[in-house]
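Student: Protein chains in written order, with our numbering: chain R, 1 to 459; chain P, 1 to 459.
This list has only true hints and no planted wrong ones.
Per the computed footprint, the stretches of chain P lying under chain R, defined by three or more beta-carbons under 8 Å from a beta-carbon of chain R, are: (1) 44-54; (2) 72-84; (3) 143-152; (4) 164-171; (5) 258-267; (6) 291-305; (7) 396-405.
Read the hints as simulated data drawn from the structure, not as lab findings.
Cβ atoms here follow ideal geometry from the backbone N, Cα and C, with glycine treated the same way.
Number of protein chains: 2
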Amino acid sequence: MASENQENVKGLQRVWGWIRGCWEKIVNAVTGVAKEAKNLGEEDPRRIIHSFKVGLAIVVVSLVYYFDFLYEGFGVSAMWAVMTVVVVFEFSVGATLGKGINRAIATLLGGALGVGAHRLASFTGDKIECTMLMVSVFLIAALATYTRFFPKLKARYDYGLLIFILTFSLISVSGYRDDEILDMAQRRLTTILIGGAVTVLVCILIFPVWAGSDLHKITATNIEKLAIFLEGFGHLYFQVPNDNDEEYKASMDEYKSVLNSKGIEDSLVNFAKWEPRHGKFRYRHPWDQYLKIGSLTRECAYKIDALNGYLNSDVEFVLPLQTPVGIRTKIQESCTKMTSECSIALRELAMGINTMTCSLSADSWVLNAKAAAKEFKSSLKTDLWSDTDLLDIVPAITVASLIIDIVSCTVKIANAVHELASLSNFKIPDPEIIKQINLEKVTRSPRIEASHSFGIMVE
Amino acid sequence: MASENQENVKGLQRVWGWIRGCWEKIVNAVTGVAKEAKNLGEEDPRRIIHSFKVGLAIVVVSLVYYFDFLYEGFGVSAMWAVMTVVVVFEFSVGATLGKGINRAIATLLGGALGVGAHRLASFTGDKIECTMLMVSVFLIAALATYTRFFPKLKARYDYGLLIFILTFSLISVSGYRDDEILDMAQRRLTTILIGGAVTVLVCILIFPVWAGSDLHKITATNIEKLAIFLEGFGHLYFQVPNDNDEEYKASMDEYKSVLNSKGIEDSLVNFAKWEPRHGKFRYRHPWDQYLKIGSLTRECAYKIDALNGYLNSDVEFVLPLQTPVGIRTKIQESCTKMTSECSIALRELAMGINTMTCSLSADSWVLNAKAAAKEFKSSLKTDLWSDTDLLDIVPAITVASLIIDIVSCTVKIANAVHELASLSNFKIPDPEIIKQINLEKVTRSPRIEASHSFGIMVE
Numbered sequence: 001m002a003s004e005n006q007e008n009v010k011g012l013q014r015v016w017g018w019i020r021g022c023w024e025k026i027v028n029a030v031t032g033v034a035k036e037a038k039n040l041g042e043e044d045p046r047r048i049i050h051s052f053k054v055g056l057a058i059v060v061v062s063l064v065y066y067f068d069f070l071y072e073g074f075g076v077s078a079m080w081a082v083m084t085v086v087v088v089f090e091f092s093v094g095a096t097l098g099k100g101i102n103r104a105i106a107t108l109l110g111g112a113l114g115v116g117a118h119r120l121a122s123f124t125g126d127k128i129e130c131t132m133l134m135v136s137v138f139l140i141a142a143l144a145t146y147t148r149f150f151p152k153l154k155a156r157y158d159y160g161l162l163i164f165i166l167t168f169s170l171i172s173v174s175g176y177r178d179d180e181i182l183d184m185a186q187r188r189l190t191t192i193l194i195g196g197a198v199t200v201l202v203c204i205l206i207f208p209v210w211a212g213s214d215l216h217k218i219t220a221t222n223i224e225k226l227a228i229f230l231e232g233f234g235h236l237y238f239q240v241p242n243d244n245d246e247e248y249k250a251s252m253d254e255y256k257s258v259l260n261s262k263g264i265e266d267s268l269v270n271f272a273k274w275e276p277r278h279g280k281f282r283y284r285h286p287w288d289q290y291l292k293i294g295s296l297t298r299e300c301a302y303k304i305d306a307l308n309g310y311l312n313s314d315v316e317f318v319l320p321l322q323t324p325v326g327i328r329t330k331i332q333e334s335c336t337k338m339t340s341e342c343s344i345a346l347r348e349l350a351m352g353i354n355t356m357t358c359s360l361s362a363d364s365w366v367l368n369a370k371a372a373a374k375e376f377k378s379s380l381k382t383d384l385w386s387d388t389d390l391l392d393i394v395p396a397i398t399v400a401s402l403i404i405d406i407v408s409c410t411v412k413i414a415n416a417v418h419e420l421a422s423l424s425n426f427k428i429p430d431p432e433i434i435k436q437i438n439l440e441k442v443t444r445s446p447r448i449e450a451s452h453s454f455g456i457m458v459e
Numbered sequence: 001m002a003s004e005n006q007e008n009v010k011g012l013q014r015v016w017g018w019i020r021g022c023w024e025k026i027v028n029a030v031t032g033v034a035k036e037a038k039n040l041g042e043e044d045p046r047r048i049i050h051s052f053k054v055g056l057a058i059v060v061v062s063l064v065y066y067f068d069f070l071y072e073g074f075g076v077s078a079m080w081a082v083m084t085v086v087v088v089f090e091f092s093v094g095a096t097l098g099k100g101i102n103r104a105i106a107t108l109l110g111g112a113l114g115v116g117a118h119r120l121a122s123f124t125g126d127k128i129e130c131t132m133l134m135v136s137v138f139l140i141a142a143l144a145t146y147t148r149f150f151p152k153l154k155a156r157y158d159y160g161l162l163i164f165i166l167t168f169s170l171i172s173v174s175g176y177r178d179d180e181i182l183d184m185a186q187r188r189l190t191t192i193l194i195g196g197a198v199t200v201l202v203c204i205l206i207f208p209v210w211a212g213s214d215l216h217k218i219t220a221t222n223i224e225k226l227a228i229f230l231e232g233f234g235h236l237y238f239q240v241p242n243d244n245d246e247e248y249k250a251s252m253d254e255y256k257s258v259l260n261s262k263g264i265e266d267s268l269v270n271f272a273k274w275e276p277r278h279g280k281f282r283y284r285h286p287w288d289q290y291l292k293i294g295s296l297t298r299e300c301a302y303k304i305d306a307l308n309g310y311l312n313s314d315v316e317f318v319l320p321l322q323t324p325v326g327i328r329t330k331i332q333e334s335c336t337k338m339t340s341e342c343s344i345a346l347r348e349l350a351m352g353i354n355t356m357t358c359s360l361s362a363d364s365w366v367l368n369a370k371a372a373a374k375e376f377k378s379s380l381k382t383d384l385w386s387d388t389d390l391l392d393i394v395p396a397i398t399v400a401s402l403i404i405d406i407v408s409c410t411v412k413i414a415n416a417v418h419e420l421a422s423l424s425n426f427k428i429p430d431p432e433i434i435k436q437i438n439l440e441k442v443t444r445s446p447r448i449e450a451s452h453s454f455g456i457m458v459e
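Chain R on its own, in the form it takes in the complex:
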């Protein structure tokens, strides 16, 4: 009896343990999700605002259902308004406007063509009407789908072509059942316009997110990431390891996100072109110039990636990469000078973009970097190197050589930024203000990229 009781107690304990385990797992999962949600909000608080904006827009447009005088006009078609809000509302104004305009024009064209096809078919008999409609839907849908492969159309009008196929098919096929399709097409267009108008208004009037200014910030941030790497490299490569190294290393790795920045930059340029004048950006701001700067920034990042290999010395298997310290000191002066001058020049350029001022001092830093490169060149001629083994100096010389490449990349980036400055009339800075600004750092906005939806991505 006693043993049976013990058995029971043990069984209960086991069940209780299992329940507690499950409960803990659930609690852990929930707190994990909550933590991630909090992080996402802290990284970019505009995400929280965006979510509420979407909710608001849907509620506003659903008023069509609640007021009799509105609902009587549209009937079931009122749902197109709700649908438009959900589908068209994007994170940035540019993306929303692009989708909205595409949807409106495509609905108009698709609807008109659909009504036309229906009218044409209705002159014939019932059998022939059916066949004609099917053939026309097949041909138009196939043709429009093929058009979506044209690179230029795909970039800006892909969504419009999709909605064109959709509207044409719906209108012309429904016409077989419902003869009042002109009414139907018109109701569809009106409700979509209402939905689109609500979306665009909510998107622009309440804390708008401008793709253009995000692109502007990202361009500056990416240039600054290169500057941070170069600054850290000077410290880490030539100096005795110390406690600050880990700190440097963490921020130095940020340049890696620049390597794959093409996708987001292309999307943002595309969105920005839809946007009206806002803040300091006028309509027809030279957005394409950002693509040029971005491409040069990436080119520089590739070189930096090659340089990074020498820091982590992962090519040890063939050549000794731990260059004797004596040799490092020989190139140290000119190399640290090159990296630091380039770093300052890049930081100035980033600052100039961010504040929309011409970065006059950047050029002088670039000149300094060039001068350091020439110094290095003449140091090679001296007898300093006569007693060294060629094998020992190979890595050091490669590092110096890559840094020289980076100097030449910096020159190109500086030129492209100057071109942007003259195209978009950056202001000439007040010398007093420059001094102040130099002391601050560019405020970097991490992970703006992740807020903009640009296609399905694996993390």
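Assemble the complex: chain R is given as a structure, and chain P must be docked to it using the hints.
Tutor: Frame of chain R; chain P shown alone:
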């Protein structure tokens, strides 16, 4: 009178000239578009087939409208079927299945929750019902929108979350006007399932495009592009310019597309994971390994980009990059050996991936490349260099050093490919067949990438 006639004739001639000018412009535009359409079709004929497949699927699903017994069941809801086909049909099976499954499950969940919210609200009075519905729509829409920012959910379930918001809003808001929303929700679900089923069947049964096998091909092609560069580099850098150079240069630039291959690879991996067993790929094929290989391939491409700078000598402003021919010949033997062995090794690996066989011989080529690197190392110790100026040899040594980095990258790529081979049970090749295959080249499929839609892109 005569002069008036002359005036008239001149006027007519001018008008005629204007009309002819316009006509020519139109003809030019049309032929231009036609040419581009032809090129797009020739680049990837599957685009033409895809377009016809979309047309066919829409026609099949529109039969719902033409047959009375089908239309009577669904009524106006039949349009959801047409809509689903247009929206869900994507280029590859994986993308289509992913969207279809997302849409079906999201409609089910959103519909159920919408019906629930409506039932709950209908217990109360009219005024309160309206407020409750609005509050619930606002909260659920805001919450679901915020969820779309979670990186893991965004990657695979972004479309599902969108459709969830859509269905929930539509059902719960319509409920205010139409009390038979259970019927409505059910009709919506059924028609979407019909549309989805037609889409998936047409997509899979008629010339299916598998994202997985495209990913497989692109991975091999990208590795081969690196091989082509290395092969060409050996010729161009060390040899006297001749007529074949232009030919080399054109194909060598292909490596540049590898630099920005991350976006398409991520998308294809994501699509591939939705796909069932097909061809030589089983379900749960190690798709993530392709991401690893892709990332190493890009790393190698960055180094190649740095090397490419020395070919075009665009850093001339600081250092003389036209290394004296005498010095080039000193490094020529070991460098050309390294590049050619690496090139062959990479080509073997690409071939191995393409034919799904273990590339046994690649390792021996990699070993040869390593040996060449060691040779170079020992050549530095000899007296060969004693009479040269250090300044003259800097570029040559940098080139050699970058090539050594590329050798080490090749080793990593080879290891990653071997890992893929063992994970997905590549077959051990018949030695006789290898010899034959070596004589052929990998058939490259240009611009597969452009066929898959992965977000809005500027060209």
